[in-house]
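Taking the hints as your guide, dock the two standalone chains into a single complex.
These protein sequence lines map, in sequence, to chains A and B.
The opening position of the first sequence corresponds to residue 1 in the working numbering, with each subsequent residue numbered one higher.
The opening position of the second sequence corresponds to residue 1 in the working numbering, with each subsequent residue numbered one higher.
Be careful, since some hints might not be right.
[Said to hold, decoys possible] Calculated from the model, a selection of chain A residues having no Cβ within reach of chain B, i.e. all distances over 10 Å:
| # | residue |
| --- | --- |
| 1 | ARG8 |
| 2 | ILE15 |
| 3 | GLY31 |
| 4 | ARG65 |
| 5 | SER97 |
| 6 | ILE173 |
| 7 | THR438 |
| 8 | THR472 |
[To be verified] Derived, one-sided and incomplete: chain A residues facing chain B with beta-carbon distance under 8 Å:
| # | residue |
| --- | --- |
| 9 | LEU26 |
| 10 | PRO148 |
| 11 | ILE320 |
[As the list claims (entries may be wrong)] DEER-style ranges, computed between Cβ atoms:
| # | chain 1 | residue 1 | chain 2 | residue 2 | range |
| --- | --- | --- | --- | --- | --- |
| 12 | A | TRP177 | B | ALA341 | 43 to 51 Å |
| 13 | A | TYR50 | B | SER57 | 32 to 40 Å |
| 14 | A | TYR409 | B | ARG343 | 26 to 34 Å |
| 15 | A | GLY75 | B | ILE145 | 50 to 58 Å |
| 16 | A | LEU233 | B | ASP109 | 26 to 34 Å |
It is worth saying that the hints were derived from the structure and are not from the lab.
It should be emphasised that the depicted structure is a prediction, and the values quoted were computed from it without experimental measurement.
From the three backbone atoms N, C-alpha and C, an ideal C-beta is built for every residue, glycine too.
One letter stands for each residue in the lines below.
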Amino acid sequence: MIAYLGRRFSALIIILFGSSFILYNLAAVSGDPTEALRGSTDPKARQQLYALIRQLHLNVPPPTRYFLWLKGLLGVFTGHATFGVTRENIPVTSLLSQAIPTTIRLILMATIIAIVLGIAFGIVSALRQYSRFDYAMTFVAFLMYSLPIFWIAVLLKQYLAISFNNFLANPVIAPSWIIVASVVSGIFWAALISGTRRKVQITFLVAALASAIVLIVLSLTKWFAHPGLGPILVCAMGIGIAYFVTFLSTGFGNKPAFKSALAMPIIGLVLYYPVNYFFKHFAGLLTILVMALVTVLIAILVARFFAKVDRGPVIRTSIITGLLVGLIIIIDRLMQAFVPYFNTDAVNGRPIPTISQSNSLLPPGNFWFGLLDTLFHLFLPTIALTLISFAGYVRYSRGTLLEVLNQDYIRTARAKGLTERTVVMRHAFRNTLIPLTTIIVVDFAAIIGGAIITERVFAWQGMGTLFNKAITDLDLNLLMGVFFVTSTLAVLANLAADLLYSALDPRIRVVGK
Amino acid sequence: MSIFKRKRSVEVVSGDIANREVEGLSQGQIVRRRFIRHRGAMISLIVLVAVILFVFSALDFQLFFIKYHGWWKYSFTDQPEIRTQGCPGGLGGCPTLSLNPFGAFGLGDHPFGQDDIGRDYFALVMRGAQRSILVMFIIGIVGGIVGTVIGAISGFYRGWTDSILMRFTDFIITIPSVIIGSVIGYHFGNLGVTFLALYLGLFAWTGLSRLVRGEFLSLREREFVDAAKVAGATNRRIIFKHILPNAVGVIIVSVTLIMSGAILLETALSYLGFGVVAPDVSLGLLISQYQDSFSSRPWLFWYPGIFIILIALTVNFIGDGLRDAFDPRQRRRISRKERSAERKVANA
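With the rest of the complex left out, here is chain B (with noise of 0.2 Å):
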């Protein structure tokens, strides 16, 4: 058995390259490197700006006055004829999808089919992805600047402002999150989804503002702080200019986290049936109305799970390589090709 067994001595000669690799870089600098190199991350990063650029192209849309003609032929309200030829079994609606390169390739007219009322699947599933999107979006800023706010001040501060903001945290923080959101779903879901997310987001930072919290209380007992409080400096221009933006690594990575876990929340919440209601629609509402379809309308259940999967995945591995890239102890991964360029020219 050799689960135990294990390299040695490979960390001095990849720390030596590691160290000589960010020499004279800046902070930002060498945080971008580590981020770019991370394959996993990158990749989803590009996924994920695809994935929003096609899924928000593909319908109309209007921003204030602005009227934005998408490209897909359908709207989600939309109710064609049920298309029958073709299809299996003599169901209708099935998906004209088609990835083999030499027969039908391409999309043809609905590539993810048709619900049980002939509204275009793939204009449903867009939409629901533009909300899950909308909310995963609006969740994660809301909620990030809460939670930089409240944690800043108690951070800063301390004392009494500090005790009240961290009970008042801790409050929000035991009541569970899917029944604060149900609550707050269920009554302001109607409102539309913007609303919901707003409110939710105002949920969402407890988590946040600890860490944040925790970054303030260690950063203002440190050097530069006392110098720039020597110089005059005001308490706002300590937090925004001197401490802020040496915890922005923390803000930044957990705000990812906010919005992977708001995705699922936004759409276990509409499953539950407190989040967007209809005629809007979300991924959580489209698969809890055609979960019983699963076994004689498949595409109605797939397509939706796999776009919550896919932004949900995205968005985790990006917060993965955030992280990777903001913690300092964090080393590159040497391979063995470059260790061995090293030993060579370290044994000439």
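Excised from the complex, chain A in its bound form (with noise of 0.2 Å):
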């Protein structure tokens, strides 16, 4: 293993060596930073043009230059590394450690949400393939595949922002839209459900109905202009939300694990003022940290209660409802924030920006209203990046697990009279995760580089805007430190695809020769 790791990482410096090498000498020729000196009739020109030669060691040749600035990098042994300065002679080091986080903050939420919805609509496209809802998904999966996020992205400045926003002073859904929005409802949750077409056509009309009257009190109540839950509602979807989750973790045959899940929206009831107090006094992140643990534990005791033999399962059910619940319960309390942050100055009521990561007017101290910021301000760019990236985690599991279902070991569980939530879920599904995982590792490197548009058009300050800055000063440092942060993350992302890969899959052993 550790021979097979350090085989690796020489491969892996070699290769950055290598890009980086072409890189550098890629950007050099390909742009003189001398262009407007030399042209200027300015007679401090001439004087200019030296130190900025000197500046730049541009008496220096490309290939040679490039150790130059390897050589600042090499420092890593000596405790000196450095990227170089600008041109403006500002330490690269410190613009990237500004903008990493902020790319970074950009880009996790939207993988998170593409990956799950992704994977969800995959393998329910697999399951019933050739179905009408497959051939729905494909299409859409290749729609969204085709479109470029700078165009969407305006689309939903407009529709979801400025419109919303619009929206918000006066909160009342217009019939025309309800009609329609339930009949797609209605179209999805049909789509969603195989068997005969007298149970489709209940599955329709039942979500279509459902879908209408909650819009209809939506809209009557105007619970858009102050939203919130309230410890009946919290406890009515957490119920079902422990519906759900047992229904995929266990399957309502394991009682236990189903009666454990159940307790979870009940001590979230039970909890629900201590725990809001507590928010009120002691708002922060390490509270919300805290909780969760206690979150956790409570479940491992319930389940326990509940469970005496083969507790594994009903841990895991417990575990999982109650983060959900608890996660709610955060939801509940952003509502509760979201009228005074409405009336603030600062938002002046129009909540969803379209620009900008943070509002800079905001008065700080808040964690609630700090939070809502930054949620609404990832809102847009979280749905574009979610768009784009979440059609090829829809193709991609759709296509492992017909293969995994096609596989004898599965003929093996079905023979066997496992039920068939058995053989998908734990059989079939488990399977399909691992070539996925390599998938999203590397995937997610990929995106940090396509996160250079999504930064331009939605005018955040992280490594897209360095880039831009980069290639139009012709500054090689930047430029440099911007790439070797994004190649590295992508070699190394890289390793680990395949590490972990070895580790799910027993059939592979990585060798050290």
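As structure tokens, then:
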């Protein structure tokens, strides 16, 4: 293993060296930073020209100049590693350390949502191969695959931000919208459920009616102007979650699991006011982490109470349910903060911003305001990025699951009489995740490269901004700094993917020759 | 909850039907049949060809000595007067395209409207689509050729050649395509769109070359290659006549993938300002120029985007159809009608 890692790391360093060498020379020969000065007739221009040549070492030919840059980087062995300074004499490292967290924040949420939704839809699509749902999903995936992100971003800004902000001034949903939304929801759920025609029709009617009722209630109570859930709704949603998680995780046959999952929303209801009291006085990220930890502990205790044997699946079910219920309580708390946030001068009734990463006018110090602000600023970029990367995961998880379902061990599992749920979730789905993990890891690095465009569209100050600046200023040090971070992430992701693959799939062993 | 329910016992009969249908057909015929049967891919192919013909015949162009006169009355550099008549809200240059069969059906004077200085937007979009399609094909062809050659050489000769070429591929694969595209595009964009596409194509082959290499590595161990060697065929002959035809599926499929990626890359680069530059026109450039006028003159934003999506979507679907057609494990989906007919025959 150590030999294998050593071999991989040396290969990694060679690759980074080679690609940075190629990019450095490519960038160096493709632009001349002295061009503007050479054409100038200003008497001082000559002096500035010499100063610039000295500053950027332009008298050294690019292949050799690359090693000057590398020398700074190799300082890592003596403790003085540096990416050099930009043309304005700002250290590249300090710029990068500000930009990297912004970019990560931008893509992290979108990636997670895209993975979860993509896998879910891909799997349903595979289980319903050649159904209308499958065809529709294929079409939607290809459509999203073909969307230019800068184009969809403008649409989102117009319809989700500007129009929605206008809508919030008088949050009454027009009847035509209610009808359209209900029909769409009915079609969606009906497509998801397979079965006899009668069953599909019933599903359609129930789903459409339920959506219509919910929308009408939301509209009549002007819910969007002062959103909130309250303890009863939190508990009701928690029970729904408990059903769903039990269904996916163990099936309803496992009574202890079902019971302990159902216990979680009840506990949530009991603890609703104490938790909110706690949130009021100790708001902060640490509090949320502690709460999550406590939730896990409670979930384990509850599971141990209900299950005497075979506790693993029960504990898993109740932990997942508990964390999701906790998430709903936090969402509820955020909704409580919405009205005061909405009325601050900084927001002024238009909560969804179209650009930038945070609202600098917002009074600092309020944790919930800060969290809401971050989430609202993430809203549009996350949707845009999710739409784009979601498609790949749908296609990939569909293809992989179909392949896995054709394997012999699936037939064996069915032959020994396991329920279809167990076959799909335990035997097929887990094996689908193996190739998916590698794709996800590699993709994450690619998304960082793609974030350049997203940042530009939504005016975020991250790596993409630095990169744009580097190219237009012909700033080699800055360019190489940005490149070095993205490409290091890319090769490390590749390595991580290979290691994960061998850890997950016992048929694959890493060999240290 | 019936998400997990499945239909049983359809595979056996379907397999029989599918097997009988391909009996006695050559590989090429099977592939062609499968592709034609892929409805999405066939529709996409027709739409794409129609779009290409429509877009390229609209405007004047000059190919070496042949001058072609397009059927559209404006060129993308003309600046006719801004038409305000009939526009809502007194805005100038609104589109005249009307699909209302009972009203003023037809293209009108400026079907896609006019931009802020009066240029005909239909001509601009046509020009932009021409550029994008051109870039797409050039990148596809250049990337395809370079990738095939590098993959073939490294897979066939293995050893040192392979290591060096694959390390080189790794070098290029590590650099994100937007970064390399921007570096090239920013400095070579002014050389014209053909050069830009050529340069971009020189860096678009990495994925393809890995696939081709894998294909060559497995094919070169097959018996027919040994037979060719024994018969005294040269390496070149083995590569081109024996192995390459067997790897053509992989190549075609990944070239379509390169192409669908290329059109999005080109538009993204032009949007960032690192691709096609003014006075030339590209779909990405049009969107980037007019994205702020979306609320006042939305047509300036809609039409280029629709063309990008149309081209990328059709190419993606064609690629999907090709992948299905070349995949030997792929079986045609047998409809319920055919299956029941089959069962009747079996029962009788």
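Ascending list of hint numbers which this structure does not respect: 2, 3, 8, 11, 13, 15, 16
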